[in-house]
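Taken in sequence, the protein lines are chains S and C. Using numbering that gives the first Met the number 0, read the first sequence as starting at 0 and increasing by one per residue. Using numbering that gives the first Met the number 0, read the second sequence as starting at 0 and increasing by one per residue.
Keep in mind the hints are simulated off the structure, nothing from the lab. Hints may contain errors.
[What the hints assert, rightly or not] Cut-off 30 Å, straight-line C-alpha distance, at most; resulting in silico cross-link-like pairs (DSS-like, lysine-lysine):
(1) Lys-170(C) - Lys-42(C)
(2) Lys-37(S) - Lys-81(S)
(3) Lys-42(C) - Lys-177(C)
(4) Lys-37(S) - Lys-64(C)
(5) Lys-46(S) - Lys-33(C)
(6) Lys-177(C) - Lys-154(C)
(7) Lys-121(C) - Lys-76(C)
(8) Lys-46(S) - Lys-123(C)
(9) Lys-177(C) - Lys-76(C)
(10) Lys-123(C) - Lys-154(C)
(11) Lys-78(C) - Lys-154(C)
(12) Lys-64(C) - Lys-177(S)
(13) Lys-121(C) - Lys-46(S)
(14) Lys-42(C) - Lys-78(C)
(15) Lys-153(S) - Lys-64(C)
(16) Lys-177(S) - Lys-153(S)
(17) Lys-154(C) - Lys-46(S)
(18) Lys-46(S) - Lys-78(C)
(19) Lys-153(S) - Lys-33(C)
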Amino acid sequence: MRFSFGAAFLVAGVAGGYITGMQALSRAGTMPAPDGSKWVQEVVNQKDPYNIYAIGHFKSEGQVPPPRSAQLFSRIVDEDGKALRGDCSYQLSSAAFPARWWAVNVIALGSSLPAVSSTAADVVITGDERLDINLSRHVATGNWLATPDASALKVTLTLHEPYDKNKKGVLNLPTLSKVSCE
Amino acid sequence: MIGRLFWMATALFAGIAAHLATVLYLPGYAFERKLASYSTGQKPNSFFLLPPESQMGLLPTVTSKDIVGLCLIDLSKSKVTVNAHVPQSLWSFTVYNTAGQQVYAINDVEAGAESFTVELTKAKGIIEQVRGKQEPDDAGKITNSGWHAEVAGDKALAVLWLPVQDPTQRKALEAVVKATNCVGG
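So that you can see chain S by itself, here it is in the shape it has in the complex:
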C-alpha cells in the first residue's frame, strides 16, 4: 500500500513536470504584436536569460528560430476572434509592408497538406500603396492565395529586413477579415 502511494506520487510528479515543460515550450517564443492586433510575434530575445524556452519552442517543432534580420508574426483567428477555417474566405488588407521582402504563408493545422505562400513578388499593390490579398480555396479576383482544404488554418507573415521603425512609425500589421463561409 505504501509502495503504491509513493509510486503514484512519483508518476504524478514526472507527469506534472512533463506537462508543465510542454506548456512552457508551447507558450514561449511568442508575444503580443506591437500594434495590439490579433497577430502574435514569434521571436527569440537573445538577451533573455530564459530564452532557452523560446528557442526550445521552435526546436521542438523541428525548426530553427527566426533570424534576427526577420520578424515573424502569426495568427489563428480573424478580426472577430474566430478561428480561421479552410472553408471560409478572408481578406488580408494592409499598407505596403515596410520591409525589403515579405511573405504570407497559410498553414493547414493538424494536416500534412503543404503550406501555400504569397510573397512580395506575387502581388500587385494599388496606387495608394495598399495591399489586399484574398485568401480562399476558390478562385478570387485580384491578389489571390489559394488556401489549403483544411478545417483549421494558421496565417504567418514574415518581414525580412524591416525598415527602420523609427522612421516609419509604429508597425501596423494587416487586418484579416472574414468575407464569407460555405
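Place chain C on chain S using the hints.
Only chain C this time, still in chain S's reference frame:
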C-alpha cells in the same frame, strides 16, 4: 507522515527533473531528427540545397518559393571555411550553434559582393581561456579577407537563404548558389 513527506519531496524533484528534461532534451531531439531526415546522405561540411517542399519545415520564415542551402558544420577536427556564392539580390547567411542560437549573420548589403568567405572556428572553453594555454589558434591563422566567427561546441548549422523574385530565374539562381562550399581544415 514522514513517509508521505518523503514521497512528496521525491515527487517534487522528479517533477523538476522531468520538466528540465522536457525543456532541455526534447526540443533538441526533435530538431536533430528533422534535420537528419532533411539531410539524409549529406556529409558534414558539405553544402546542399533543401528541396522546396522541405524548407518551411525547418525554417519558419521561408516559403517553398525561396532557395535555401544548408551546411552541417563539424568543427570537431578543424576550422571550417564557407565559400559562399550568391547572386546580386537579397540574401542572408546565418549560422546557428547547436543550442539554436544565432551566432553569425551577414546579408547582401553587408557583404557587397557576389562571393564571400566565412571562417568558423570552435570557441575556446572557459578553462582553456583561464589557463591561457598556447594552443594552435585558428583565428590567428586567417589569411584571407573574409569574415570569422567562433562557435561554441563542435557543430553548427549554416543557412543561406534567398527569395526568388522571378520564378523563371530559379534554375539560374540555384546554379549560382550551388557553387557554395564548406571546407574543413
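Okay, the hints, checked on the actual structure:
1. Lys-170(C) - Lys-42(C): holds, 24 Å
2. Lys-37(S) - Lys-81(S): holds, 11 Å
3. Lys-42(C) - Lys-177(C): holds, 15 Å
4. Lys-37(S) - Lys-64(C): Cα-Cα ~27 Å, so holds.
5. Lys-46(S) - Lys-33(C): This hinted pair holds, its Cα atoms lying about 27 Å apart.
6. Lys-177(C) - Lys-154(C): Distance ~22 Å between Lys-177(C) and Lys-154(C) Cα, so the pair holds.
7. Lys-121(C) - Lys-76(C): The given pair, whose Cα atoms are some 10 Å apart, holds under the 30 Å limit.
8. Lys-46(S) - Lys-123(C): holds, 22 Å
9. Lys-177(C) - Lys-76(C): Distance of about 25 Å is within 30 Å: holds.
10. Lys-123(C) - Lys-154(C): With a Cα-Cα distance of about 14 Å, the restraint between Lys-123(C) and Lys-154(C) holds, given a limit of 30 Å.
11. Lys-78(C) - Lys-154(C): holds, 11 Å
12. Lys-64(C) - Lys-177(S): This hinted pair holds, its Cα atoms lying about 26 Å apart.
13. Lys-121(C) - Lys-46(S): holds, 22 Å
14. Lys-42(C) - Lys-78(C): holds, 16 Å
15. Lys-153(S) - Lys-64(C): holds, 18 Å
16. Lys-177(S) - Lys-153(S): holds, 14 Å
17. Lys-154(C) - Lys-46(S): holds, 22 Å
18. Lys-46(S) - Lys-78(C): It holds: about 27 Å lies between the C-alpha atoms, which stays within 30 Å.
19. Lys-153(S) - Lys-33(C): Roughly 21 Å separates the two Cα atoms, so the pair holds.
The structure agrees with every numbered hint stated previously.
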